[in-house]
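Enquirer: Could you build the full structure based on these sequences and the hints that come with them?
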Amino acid sequence: MMLALEMFRSVPRTVAGRAVGGRMPGILSGFAAPLRLMTIDEPKVDRPGWARLKTRLSGICGSDLGMLSGKTSLYFSAVVSLPFVPGHEVVAELLDDCEDLPAGTRVVVDPVLTCAARGVEPCEACVTGATNRCSRITVGHLSPGLQTGFCKDTGGGWGQQLTAHRSQLHPVPEGFSDEQAILIEPLACAVHTALRAGVVTNDRVLVSGAGSVGLFATLALRQLTDAGEIIVVAKHKHQKELAREFGATEVVAPGEVLRRVRRSTGAFQLQPEFSAPYLLGGVDVAVDAVGSKQSLETSLNATRAGGRVVLSGMPAAADLSAAWFRELEVVGTYASSQHEESFRIATELAATDAVQQLAKNVATYPLHRWREALDHAHSAGRLGTVKVAFDPRSTR
Amino acid sequence: MSRPGFVLDVDDRTPPLLVHEGLGFRLESFPLGTRVIYPPESLPAVPDVDQAIVDALLHPQDMDPLPELLFAGMKLTIAFDDISLPLPTMRPPDIRGRIIEHVLTMAADAGVDDVELIAANALHRRMTAAELKHIVGERVFRSFYPQGKLYNFDAEDRDNLSHLGTTDKGEDIEISKRAAESDLLIYVNVNLVAMDGGHKSVGIGLASYKSLRHHHNAKTMVQSRSFMDHKHSAMHHSAWRIGRVIKDTVKVFQIETTLNNDIFPKPYDFLQKREWEWSLKDQASMLAMKRGISIAPPKLKHKMFHDLRSVYGLTGVNAGEVEAVHTKTLEKVHQQHLVEVQGQSDVLVMGIPYVGPYNVNSSLNPILATCMGLGYYFNSYIGQPVVRKGGAVILYHPLNEGFNQLHHPSYVDFYEEVLAESTDPAVVGEKYEQQFAEDPWYKHLYRTSHAYHGVHPFYMWYWAAHAMDHVDEVIWVGADRKVAARLGFRAATTLADALEMASGTVGSSPSITYLHNPPHLLAHVK
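Protein sequences, first through last, are from chains A and B.
With the UniProt record's numbering, the residue at position 71 of the first sequence is 71, and numbering never jumps.
With the UniProt record's numbering, the residue at position 83 of the second sequence is 83, and numbering never jumps.
Pulled a few chain B residues facing chain A out of the computed Cβ check, cut under 10 Å:
1. Gln405
2. Pro409
3. Ser410
4. Val412
5. Asp413
6. Glu416
7. Glu417
8. Phe436
9. Glu438
10. Pro440
11. His444
Hints were generated in silico from the structure; no laboratory data involved.
A virtual CB, placed ideally from N, CA and C, is assigned to each residue, including glycine.
Expert: This is how it looks when you write it as structure tokens:
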């Protein structure tokens, strides 16, 4: 038996979370969250290529919070299997030998449950290495689940143990702390985002949001592309400082975005009736790293005609008029792709000074303090934290 | 006869003194011994304005009478000062319109039919049709505006600019092509203060950014001591060099006018009287107005002040060769404004009223308030500044009147972005000026809307450069603290607090001078 947080089906709690969670995030860590701390059976390994893992740290991602607050679109209900143990940002150690990796190896998990993990013939996407676009995420010998942490058969990082397939495992280099390693998965997503952004030399880029997604996207854009100016939208003081360290040319407050972009790009600004202003002209590429309606609309409104808007955060419903009128390319960026070697590149980025410093500020909680942990994660930006994680080994 | 300017030492019989602060005023009790500089009372106006104008045109300085310069088939351009002068706006008819009517009559008599009228607004905002009509008068407006022969100068209309070369210091001279190619350019000026007129009229009023950048910069402004003394002003030196090249290329017939100090019409005339001479009626008016302002909603207050039209009297009109005319003008301006002051003080106190040259029919935003206080009022001296080097300046203004998006769009960016990084005029100029000057959106708004040019907030900040360089402490009484901090200054609630804050710089018993503006005065500090 082991201790784990379990997401379960509860329509009243989900509706309550959706209704008030936006205004009162604290309520989500109270009665309204469809989450409970349970003693459950340890996950079994009865499939080839799979091994058990003992969780060392598991991060709380924006998508986890969205799920708990009921904000996530019902679109995703078909690709999860309840009840499940959340947690897809995982650093763990192998309890079993797993093909070439001996027991005891410290690994980070690529959470996408692809054809290889499901034991089915590879789909077209998996053949090309675009594993994040796998078409078989609901079939094979696993229950439906787009990722580890959303599938009832694999367990997740918010439990003391989970299982994973060899194709998901990436050994952690010697010398990396667990806090550093926990950042590799979100960094791999950022690598994918940067490469999906289609930035060409000297492109002006806007990154809307300076949470972990925005900061890592900024770092990846700066390191992996020839972007010129990178303007980052940050709300809090420490986010502004970090954004600069991670490669932002300019950091602006949410209310200043359009004005600053307008001036730095020489765009013209329009003020429609009863609506937010928008630009004729603007940045070449905008990355929405928040996923809120406001952030997405800001990204759309600040991008030049024919430019590209990258949906890095899970998007909310928004006015897409700009995408039509300005012929924008709206591009989604989900998880990371194996053919880009995102985890290898992410591991290199995790070794940089800026990320090492950031890793020192990862806030960890034992599982039984999950309400505090979620409260902290909800207010991470305001409290000066970039990543909050569970440490299931800890009892205090 | 008018009375000259007056310097009062505050004693225990001195009543509280009136201090302007934006859309309002307060009565302030100054510490004993404070030196108060009052402007001279108004000079008498010329009895017959039309006769004075005709006399000036027929008997010009160092030039032939105007009728002799006019001939059939010639290209005639009449340029005139824009809405930034006089302040407040003159009650109609505006003196410029009256002069233009006489000039046009003489031109018609000579058979001149190619005439264009240009408002010399340089990088100021385009005036509206109503504002143009106010200046030139209904008849001239009706005759020229519909045909496109009366218009605002456009410093971004590359096809209609003419580069006349450079001065011996390498300063570009680029002015209105129409003006440069005219057989005669007549400039109609209103000289409210000693800074205006002379070679500033054509050389600046009809010039583009390419030309203006040579003297409208922090370095030049710091070296201009003061703006009101063209012989000691680096800005004027540059304008004079440019003007002399223009004079060699273009025949300029300058017409300059001087006004008296009749700024406030009845029932506001108590505002320009000395407080201890207020009659019972004046005191009642003051109390009624103060009470009215305190309860009036902002829009009404704005309307109350901005609808005020001054009843200036014309004290002189001179025409002819630019420098000769300007010498005469300055004599008259000095006669109206000069007040002799003995020595400098540790602290200079000034109240900033609701209007400056760049917010007519608009709001005096914090940058313009700074320009008014540390630019214009601080520089209202000849000889040496009223306050000593390293002293303190105390200003009154709420610093919270928002930015007008129609007139001052680039000011918002300047305030939010540029001043957030540095308030040093040289630093911000070096780093940001060109970017703002060449911003296509600002250019578009300047050309097609009623916005000041993108670079204009920099110029406003440069005006304050000399004062910022000269004094160690700038404190705003009654100001929004956050705004004051953004500008690089400090805010105090009362004068006593401000003096306490300044005590680290000027000691606990500093000598204080209060410049009792407006009406205008020019302190001759010996």
